[in-house]
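The primary structure of each chain is shown beneath.
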Amino acid sequence: MLTFILRRILITIPMLLIISFLVYLGLELTPGDAVSHMISPDLTNTVTEEQMAAMRESLGLDKSFIERYWSWLTHIVQGDFGHSLSGGVAISTIVLDRLPATLELSIFALVFSTIIGCVLGLLSALKRGSATDSALTVVGMLGVSIPEFFFGLVAILIFALNLGWLPVGGRLLPSYDSYWDHFPNIILPGLVLSLMMTAGVMRYARSAMLDSLSREFIRTARAKGLPQWRIILYHAFRVALTPVVVLIGFRLPTLIGGSVIIEAVFQWPGIGLEFIGAVRGSDYPLVMSIALLSVLAVLLASLIVDVLTAMIDPRVRLG
Amino acid sequence: MANDLALSVKDLKTFFYTNKRCNKALNGVSFEIRKGKTLGVVGESGCGKSVTASSIMQLLPRLSRIEEGSITYHSERGDIRIDELERDGAEMRSIRGEEIAMIFQDPMTALNPVYSVGFQIGEALQYHTDLTKKQRGERVIELLTAMGIPSPGERAKQFPHNYSGGMRQRAMIAMAMSCNPKILIADEPTTALDVTIQAQIFNLMNKLKSENDTAIMLITHDMGVIAELADDVAVMYMGNIVEAGTVDDVLRRPQHPYTRALLDSIPILGRGRDQDIKSIRGATPDPYERPKGCQFAPRCDFATDACEVMPTEEAVTDTHRVMCHRYKEIFENA
Ligand SMILES: Nc1ncnc2c1ncn2[C@@H]1O[C@H](COP(=O)(O)OP(=O)(O)O)[C@@H](O)[C@H]1O
Ligand SMILES: [Mg+2]
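Chain order of the listed sequences is E and S. Start counting the first sequence at 1; every next residue gets the next number (the numbering used here). Start counting the second sequence at 1001; every next residue gets the next number (the numbering used here).
Please keep in mind that the hints were generated in silico from the structure rather than gathered at the bench. This one's a predicted model, so the numbers in the text were calculated from it and none came from an experiment. Backbone N, C-alpha and C define an ideal beta-carbon position, used for all residues, glycine too. Be aware that a few hints might be false.
Across the chosen pairs, the derived CB separations fall in these ranges [claimed, not checked]: (1) S/1133 with E/253: 52 to 62 Å; (2) S/1154 with E/7: 17 to 27 Å; (3) E/228 with S/1312: 35 to 45 Å; (4) S/1062 with E/233: 18 to 28 Å; (5) S/1305 with E/128: 46 to 56 Å.
Here are a few chain E residues that face chain S, going by a calculated C-beta distance under 10 Å [as the list claims (entries may be wrong)]: (6) 215; (7) 305; (8) 308.
Keeping only pairs whose Cα atoms sit at most 20 Å apart, straight-line, the calculated SDA-like set for lysine to any residue is [claimed, not checked]: (9) S/1020 with E/128; (10) S/1010 with S/1059; (11) S/1133 with E/234; (12) S/1024 with S/1210; (13) S/1010 with S/1069; (14) S/1157 with E/314; (15) S/1037 with S/1210; (16) S/1013 with S/1076; (17) E/127 with S/1087; (18) E/127 with S/1062; (19) S/1157 with E/234.
Produce the complete structure using the sequences and hints provided.
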């Protein structure tokens, strides 16, 4: 198991290198460079070419692309992401500041959609063909096909504006001092973010469950005289869990992408909101760092999923 | 007489309902399994052997139902009408695996891939005995040893994919035998295995039968297997038992044309490849469009107009019965 994890981490490293290179290349290809962005438009005419060149040299921009990439990379490995162009704050500070909010939202959505998705999928499979099953199927289809921002806006309209049950947005109430004080704030964005994933997990869990219920080892388990609940949970569900975990792993990037939108809709002060601000303000170093971190998050997530699948399914460990 | 029986099935009818059509998979099946003896059930595929086994275990698919007849398990506590028990009720579950156990055709798919073999054998013990976890672990190793699995301690912790086909079937047998059942139903236990392994599995089953006094219902489509292992034989065709008796009765003095055809279709060992094996003419009919009378008539060389009517079971001797209008004439001619 340990060698499996180590091998899996080793595969991740070259992937990270390639992606970091692509991100850096992408930045290189955007029009203008840092210097042209640092000079306010009113001054463009008065600044001479020599002054620009001097600035470039002082920032190291006259070096070759590869040299610059290398120095950027070595800094990042040491945790130094450089500074935001607007305000000059260290990017690592910004990220660390915003990360908890995003993690909170994503983990809420992940836990909710995994548990509720599995439970509903299981129910749907066990009551196949019933009214409950059909209703859940319809809800599931709506869930995966309607865009999140739309859900978000509708949810705000109904639950925050019309009914006034929950706050419109933001993360903290003014009187914030314990977690439960700001719990009402996470309900709407958390649920909306998890909706699509819940629907996906549910549909997948249903079909995985139907598949495993029809397998022969279920008949063996029944022939042993095991009670129904044990056959369903220990034998059918346990086997159905592997594809579901893999699906959740595949869907994690959409959770990360979705959180950008949801954070914007609900003004949730996480990395996604910061990212939108950075894009608007052409704050390229910040955009680049966040993009790279999201990639890292996705790779990390898929690593975790692989380890989890190997733990759940002994056959995976062979390969 | 009656108290040496382990199970009696009387006039059992099990029907399938698919797409609003009815498949009379078992259309009046009667037989007995004697304590500590092997009943061989033989017939071409699709004739209802597995449905018979599932009916006894109450493991029928949802769209099928026991319509008529009775299945009586002669337990030490007295007779139990299995067909009257609730399918997944506590009483049926306590019989399943503990008193009547079953092994299946394909050991590759019959074990759960995500649990160790030891765990899966231990599960039966957990639900049917008062053994502690530690005692169960010991019993599992004891069982695997008895099944001839080398280094059983290691093997118990391994998963089904670490086992070969023959070993998996041994593990299945270990699971079935774990609670010393009175009856073991083996549904084509070696069809998926190669010939040398087949012989080992059958030896093992024979050993278990004599050591534990377990009655065995051995389902197969191979007359050769019957000749070697069975004490009694039931020949099935399209939902009926067309001939039944002791091995001697059925193999030496076959009465039904179908039994003879089956016997003619076994290759005899040592006679080489060019022997005259007669395969049975035609194919089994569509189960939804069955012949009106004798089910075998369309493929039978001796069929006459009389065969348009369903024959009844007739006793040839005390132990031997047959379901054919013309068995007397045919037997004389042979
Ligand atoms: N799960 C099922 N669904 C529908 N029909 C079935 C099912 N299992 C068996 N049957 C039908 O019951 C009849 C007997 O099948 P079976 O007992 O499996 O034959 P075999 O003698 O080969 O074991 C066949 O006509 C088959 O089509
Ligand atoms: Mg069968």
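Hint numbers not upheld by this structure, sorted from lowest to highest = 1, 7, 8, 12, 16
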